[in-house]
Every structure is written in structure tokens, then in C-alpha cells.
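> Residues per chain are reported as follows:
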Amino acid sequence: MIDWKQIGLLAIALFASAAAQAQLRIDITSGVTDPVPIAIVPFVGAAVDVAEVVQADLVRSGRFKALARDRQPGAPTRAADVVAANWRAAGTDYVLVGRVVQVMDGAVAVDFELVNVLNGQRLLLERLIARSGAIRNAAHQVADRVYEKILGVKSAFATRIAYVSVDGAPPTQRFQLIVADADGENSRVILESKFPLMSPAWSPDGESLAYVSFETRRAAIYVQRVRTAERQRVSERPGVNGAPSWSPDGRKLALTLSSASGNLDVYVLDLDSRQYTRVTDDAGIDTEPVWSPDGTTIYFTSDRAGGPQIYRQRFGTAERAQRVTFSGSYNARPRVAADGLSLALVTREGSAYRVAVQDLRNGALRVLSSGREDESPAFSPDGGTLIFAGRERGRGVLATVSVDGLVLQRLKADRGDVRDPSWGPFSP
Amino acid sequence: MKRNLVLVLPLIALLGAGCSSTRNAASTESAPATTVESKAAATADTGAVASAGVVGDDASADVGLPPELVNKRVIYFAFDSSEVRAEDRALVAAHARFLAGRSNVAVRLEGHTDQRGTREYNIGLGERRAQAVRAALGLQGVSDGQISTVSYGEERPAAAADDEESMAMNRRVELVYGKR
Chain A
205 MIDWKQIGLL AIALFASAAA QAQLRIDITS GVTDPVPIAI VPFVGAAVDV AEVVQADLVR
265 SGRFKALARD RQPGAPTRAA DVVAANWRAA GTDYVLVGRV VQVMDGAVAV DFELVNVLNG
325 QRLLLERLIA RSGAIRNAAH QVADRVYEKI LGVKSAFATR IAYVSVDGAP PTQRFQLIVA
385 DADGENSRVI LESKFPLMSP AWSPDGESLA YVSFETRRAA IYVQRVRTAE RQRVSERPGV
445 NGAPSWSPDG RKLALTLSSA SGNLDVYVLD LDSRQYTRVT DDAGIDTEPV WSPDGTTIYF
505 TSDRAGGPQI YRQRFGTAER AQRVTFSGSY NARPRVAADG LSLALVTREG SAYRVAVQDL
565 RNGALRVLSS GREDESPAFS PDGGTLIFAG RERGRGVLAT VSVDGLVLQR LKADRGDVRD
625 PSWGPFSP
Chain B
17 MKRNLVLVLP LIALLGAGCS STRNAASTES APATTVESKA AATADTGAVA SAGVVGDDAS
77 ADVGLPPELV NKRVIYFAFD SSEVRAEDRA LVAAHARFLA GRSNVAVRLE GHTDQRGTRE
137 YNIGLGERRA QAVRAALGLQ GVSDGQISTV SYGEERPAAA ADDEESMAMN RRVELVYGKR
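Protein chains in written order, with this note's numbering: chain A, 205 to 632; chain B, 17 to 196.
Since the hints were made in silico from the structure, they are not lab data. Among the hints, a few may not be true.
What the hints assert, rightly or not - These stretches of chain A come out as covered by chain B in the derived footprint (C-beta under 8 angstroms, 3 or more residues):
id, segment
1, 418–431
2, 459–472
3, 586–592
Stated by the list, open to error - With a straight-line Cα cutoff of 27 angstroms, these simulated DSSO-like cross-link-like pairs (lysine-lysine) come out:
id, chain 1, residue 1, chain 2, residue 2
4, A, K353, A, K269
5, B, K195, A, K398
6, B, K195, B, K88
7, A, K353, B, K195
8, A, K358, A, K269
9, A, K616, A, K358
Ideal Cβ positions, reconstructed from N, Cα and C, are used throughout, including at glycine.
Excised from the complex, chain A in its bound form (with noise of 0.2 angstroms):
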């Protein structure tokens, strides 16, 4: 039974001189041949420009491509003011118009609707309500509600992605891991380390991050709250303590850790409890573990075969795990998506290491990148997209691609490597 070590780490904000996190900047590499034409008039009365916090969002999704604000043929702010047949003129199917109005102390209320001018029909009348100090996250819900109506499929915008930031060069390096939004926007540093941090983890309620820490000259993993910055460490077992991965119900670990000799294996650790479960018993390499959505198997990289592949195992059975990957003689790293049908891997081709998705239904795999060193993906929650990390002219970047491989785009820090990238959940 492990003791629970309970680091309390005051949360005092600090201002330090320089910037001391690497902003992302996003590149877009490639998008749908077609995007639908969407005019996005500027919002009145916020400090903050909703319109271009939506406008980038959607145009950054690669499925969509904005009329310039020059080129708007006015600046209505309600649907009833939008002159269909001048919108049309000028190239655009769509446009959003809104307002931000203060409602009360600390709060606004933006208010925004969406006409389609091809036959003249309002398709979106709503009103959300955010702090005064929220308001890019309003702006970010209202790019989903956009993108959702007109497509009919789910977005991500108003989501947020941990990183780790490593900079400066060996033998000292220094490490940071890093919320931001979804586009990268609005980075805080929440770690800062001489020592190596890696596999962050969001919880299923996007309160908590898990990760491996070096600091105490060990792999350790830890829980931290974001906002607090309250964080503990949870498995500091000797050995290997290693790829933390929250249960859906967000009370147990998946993780790894190794024998006396040495040897990987996954494990479950009940957080109430502190008990650990045994998944895998096998002189391979076993890490890497992560859930399934519905919380019953577990899928893993695991070398028993000779060299890594993906297996799954149904936990808390006598199942022997069965293997998922058959195609080429390295795959690993899974993560799966949303709705259980497809797995996200790193699977190597030739001597070049990719992105894919393979469909668990009928076993195909897509490579999804191109890069030489691509690894870690993560699955938005609505499973459309992944971030991954790669290597571009020696440095870390991360990148997205959707999982239809038509949409890519790059995160580039502007010093420093990215890396390790996790993507948080839906907000409640």
C-alpha cells in the first residue's frame, strides 16, 4: 500500500520579467478544396474582437474561408439588418452577425445570429452569458455553435490542449508544462522543471492533469489541479512510474510501472483506494496503456511479440489480451477515440515514424502524417482531428490533421521544442 505524500504547493501568482513559455502559432498547411464562404461582420461592444476569435477558428479548420472585413458590403449587427442579396454579391453563403451587452457586474451576454443568404434564412438565434474575463471563450463556443449547424458534425473550439516546453540544450534543459487553448492561445505555464516532464494526462473533467515527473530524480506521477496548481504525487513506486491514463469515471489510473528486474508492466491504481491492480504479466515491455471510452478495456503497447504492438485486455478478467495491430513491425502508443471505433497509433513505415488511425471494426489502418518522427496523438473530443507532435528543421512542433487526413495544420512554438501534447475535454 503506498503512502500518500500530500504536496501542497501554494498557489501564488508570480509576474516574472521575459517570456518564460513559448507561444504557439499555427500555420495551416492544408485544407478542403471547397470551404464554405461564411462572412463574419465585427461584434459591437466587447474589448475583445469576437468576430475574429470565430472567424480564425473556423478559417484555421481548413473547412471554411471568411470574406475580408473590407470586403463586407456592411456592418449590420442583428439578422434583420443583413441585406441578403448584397451578402450574396459579394461571395458568401453565410453570415454571422452579434453584440456583446453588459448584463450585470462581471458579466455579458453575446448575443449572435447566423442567416444563410442563399435563401434568406436565420439559422441561429442565441445568446450566451461569460464573465467579463471569458469572453474568448464565448467567442470559441460560438465558432462550435457555427461550425456544428453548418456541417452537422461536432468542433472543438472551445477546448483547451496541455504540452510539455522543453528549452535551452542539454545538459540543461529546462521543462514546462503548459495549458492553452485549443488554438493555442492563452498559454500558462502550470509546471516549471529542471528535470524531465512528460505524458500529460487531462481528466475526463478537465479539472486535473497526470503526469511524470523527474524531479525527484525518479519517475514519479503526479495529479494537479489546474487551477489551483494543488498538485500530489500519486505512484512514486521504485522503478518506473510511467503513462498515466484516467479511467472515463475519472477515479482510477492506468499506468505503468516496472519489477525489481526491471521489467514494464500495466497496472490500475484506484485514486480512492491508493491500490494498485495488475493488467499485464509478461517479460515484454507493457506500458502505454489507455481506456476505452466505455471503461472496460484497456488497449497497450506491448513488445511480447518481438517488437511493439497494440494489444487490449477487458479489465478486471482472466482474458488474455489480444493483439489489435498486425500491420508492420512497430506500432504503439494508442489512444482511442470518442466513440470506441477507432484507435490513434504511431506506427512505423520504412524508418519513418507516423500518425495513424486504425478502424477497429475492420482493422484497416490510415497513415494519417508524413513526417519522420511523428508520435503522440491526441483525439479532440469529438474525435475529429488529432494533435500529435513531430520534428520540423530540429525542433519539436505539434501539429493537427483531421482524421479524414484532409485538414493540417502546425503549432509552432516561437523558442523552444513542443512536444507531448494532450487534448482536454468537452467543458460540462
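Assemble chain B onto chain A, guided by the hints.
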């Protein structure tokens, strides 16, 4: 790049190394000689930053490691291999001889990989390499209690570049000495 006011406030930090405090407050129960990197970062809202890191040095000098071994504390490996190469056996033997007679000396074997492949799987490969050196030392009379292992996988490279030569420098086990 944001430039913000430098406002120096005490950052209360609790060190991880072996202490067992259950309070939310600062504790200095850990080894006084270590220093803590307690830098926090600019935040846009009232979000808070945790800071971590204990600095400790290799203590080759303290344990009397002979000079000819001090600069030879790294063993390298071929790609995808955790086998100690023939050309390294003499070096391993020399370290074993030093350790075998000194039960008050401990060595930590730190295993590493190059950057290819997934990170957590590479933790496993680094551990395999450390275990291979452990086994080699054990065969030559070093007691198990003197040896500990840790794997950093690809997370602490010796060389940052992507070329073959740098990657070869990263596939290694480092021997870090200390008092037992």
C-alpha cells in the same frame, strides 16, 4: 513576448525528495544541501504555477572514484539493442572492481535511448539497458544493494541534434556514483 513587472514574493514550495509532509505549507524537511528551482511564470489570470526540481550532483569525487574512471562513466549501445558491447566489457569490469570492494559506495545506472519511437516505450528500453549493465556488474561481484536503476528514455539526451552521430551519443547508460 510578454514583459511583466518583476514582483518578488516568497514562493512556498514543498520539496519532493523523500519528505512526508501532509500540510499545504512549506517544508524544509528534505536535505538542506539541495536547492530548489522556484521560478514561476507570468500568468494571464490568477492561475498558479507549481515549481519543481531538486539539484543533486554526481559524487564521484566523494567516493574516491579513480580519475581514469571519472570520465568514463558512460556505456553506449547500438540501435534497438540493450546488449553491452564487447568493446565495453573492460570498462564495465573496471567499474565492477571499484564497486565490489566498497560496500559503502552505490551506483545509479541511468538508462537512455535516442529519440526514435514513442516516449514511454523508450522508458522501457532505457530501463532494459540499465538492467543489462546491472547484470554485468552483478556477474562481477557487485552486490545488488549497491545498484539502482532509473530510465530517462529519450527525455534527457546528451546531444540535441537529429543526426546519426548525436543519436548514437544518446543511446547510453550513465553511471552515477554516490555514498550508500
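> All hints, please: hold or fail.
So, going through the hints one by one against the coordinates:
1. 418–431: Per the Cβ count (10), the hint holds.
2. 459–472: Since three or more residues must qualify, the claim that chain B covers the segment 459–472 of chain A holds, with 5 doing so at under 8 angstroms.
3. 586–592: Coverage by chain B is violated here, the residue count being 0 at a Cβ distance below 8 angstroms.
4. A:K353 x A:K269: It holds: about 16 angstroms lies between the C-alpha atoms, which stays within 27 angstroms.
5. B:K195 x A:K398: Status holds; Cα separation ~23 angstroms.
6. B:K195 x B:K88: Between K195 of chain B and K88 of chain B the Cα gap is close to 19 angstroms, so the pair holds against 27 angstroms.
7. A:K353 x B:K195: 66 angstroms, violated
8. A:K358 x A:K269: 18 angstroms, holds
9. A:K616 x A:K358: 25 angstroms, holds
Hint check: violations occur at hints 3 and 7; the rest are consistent with the structure.
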